[in-house]
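I would like the entire structure built from these sequences, with the hints used as guidance.
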Amino acid sequence: MKIRFLVLVILTFLVLCSSNGLPTKPGTGSIGFNKRIESPVSAFTGTFSYSVPIATVTSGSISLPVSIDYHSAGNKVGDKYTP
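Its first residue numbered 1, the sequence shown is counted upward by one per residue in our numbering.
Derived from the structure by calculation, the hints contain no laboratory data. The model shown is predicted, which means the values in this text are computed figures rather than measured ones. All residues carry an ideal CB built from backbone N, CA and C; glycine is no exception. Possibly wrong hints are sitting among the right ones.
[To be verified] Label pairs and their computed distance ranges (CB to CB):
1. L8 x G78: 48 to 58 Å
2. F48 x K80: 19 to 29 Å
3. C17 x A55: 40 to 50 Å
4. K80 x P53: 24 to 34 Å
Below, the structure is given as structure tokens:
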């Protein structure tokens, strides 16, 4: 009986020690990026995204579109600076 209890305690201890329950924090550079992803474009929230194509620069076989993008969430006064 003592051996079974000891084995049970050891197995429980090993399971608890092997699990890492703490989530990792995102880096500081992804704060602004996640803000745009986490606010989906919808009529309910009132946010929208708009893209205006200006031109297409072509050099040989490479084509590069030039456009202006707008997202209605914008920058707020209390936002943290992200490079």
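For the hint 19 to 29 Å, verify it against the beta carbon of F48 and that of K80. At 24 Å between Cβs, range holds.
Verify the CB-CB distance for C17 and A55 against the hinted window 40 to 50 Å. The hinted range 40 to 50 Å is violated for C17 and A55, with Cβ atoms some 60 Å apart.
Verdict for L8, G78 (Cβ pair) under range 48 to 58 Å: The hint (48 to 58 Å, Cβ to Cβ) holds, given that L8 and G78 are roughly 52 Å apart.
Outcome for the supplied range 24 to 34 Å, where the beta carbon pair is K80 and P53: holds (31 Å)
Checked against the numbered hints listed earlier, the structure breaks hint 3 alone; every other hint is satisfied.
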